[in-house]
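Trainee: Sequence:
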Amino acid sequence: MLAFNLKVPFVSVPTAASHDGVASPFVSLKGDRPHSMVATAPLGVFVDIDIIKGAPRRLLSSGCGDLIANVIAVSDWELGRDRTGEYYGRYSASLAMLSAGIVLENAAKFAKSGIDARVVVEALISAGVASCIAGSSRPCSGAEHLFSHALDKIAPEVGLHGEKCGIGAIMMAKLHGRDWKKISQALRDVGAPTTAEQIGLDRDTLASALVMAQDMRPERYTILKEKKMTKTKAISLAESTLVL
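Each residue of the sequence shown is one higher than the last, beginning at -18 in this note's numbering.
For the record, the hints were derived by calculation from the structure and aren't laboratory data.
Some hints could be false.
In silico lysine-lysine, DSSO-like type, Cα no more than 27 angstroms apart, as pairs [said to hold, decoys possible]:
1. K206 with K93
2. K11 with K163
3. K162 with K208
4. K90 with K11
5. K11 with K93
6. K134 with K11
7. K11 with K(-12)
8. K209 with K162
9. K162 with K206
10. K214 with K163
11. K34 with K209
12. K(-12) with K34
Model, not experiment: these values are computed from the prediction.
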């Protein structure tokens, strides 16, 4: 955001692979601001893989969660296209799904031999590029991100971004009729949390976040536009996906 405001170029030098913002043109700022503000993409991304490997494992697992969540983001984007006629970029959507697929396909391997940091970093950069191509965060941000943003607002101390998006993806997959168990298993394989308890989230706060999630970005069409949440429905959803 500083580079954008000063109209100067910048490069990205991430020291942790915990989310896909490392190559994204969008920024998220704390406070009463929109959650995704358009700035500018970096001229380049320089990553020292040894530094990424040396970071706490939880950060790399969080990055995997953010990538897996692309499955829901693209499903919501397709829903928006079909229901409202909004622009849908097939290429950027495919790139985002490829980034998610890399983690889903390798999760069992990662569970046995450890997460391949280079693979995850490349996928995170690709996800950022997908947003650049789309001109919006649509390929990488759907209802699962709205759930995370709601938690940022009402329980900012709970969980890392990718952890919350991963847990949100489990529940949104159930609403979409997708294989939520596959997503949950992949998250477990990479060491990411799959339950509210694992990130210190109580049932009432979880329910409140699900209820208010769509209101975080009312203009963005997601599955939550069609599956209206109440606290009772939210608790039922979380219990049915073993999040609670």
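Trainee: Are the hints correct? Go through all of them and say.
Mentor: Cross-check of the supplied hints:
1. K206 with K93: With Cα atoms ~39 angstroms apart, K206 and K93 exceed 27 angstroms; violated.
2. K11 with K163: violated, 33 angstroms
3. K162 with K208: holds, 20 angstroms
4. K90 with K11: violated, 36 angstroms
5. K11 with K93: violated, 37 angstroms
6. K134 with K11: Since the Cα atoms of K134 and K11 sit roughly 9 angstroms apart, the hinted pair holds (cutoff 27 angstroms).
7. K11 with K(-12): Cα-Cα ~22 angstroms, so holds.
8. K209 with K162: holds, 22 angstroms
9. K162 with K206: Within the cut-off at roughly 23 angstroms; holds.
10. K214 with K163: holds, 22 angstroms
11. K34 with K209: violated, 41 angstroms
12. K(-12) with K34: Violated, at about 33 angstroms.
Hint violations for this structure: numbers 1, 2, 4, 5, 11 and 12, all remaining hints satisfied.
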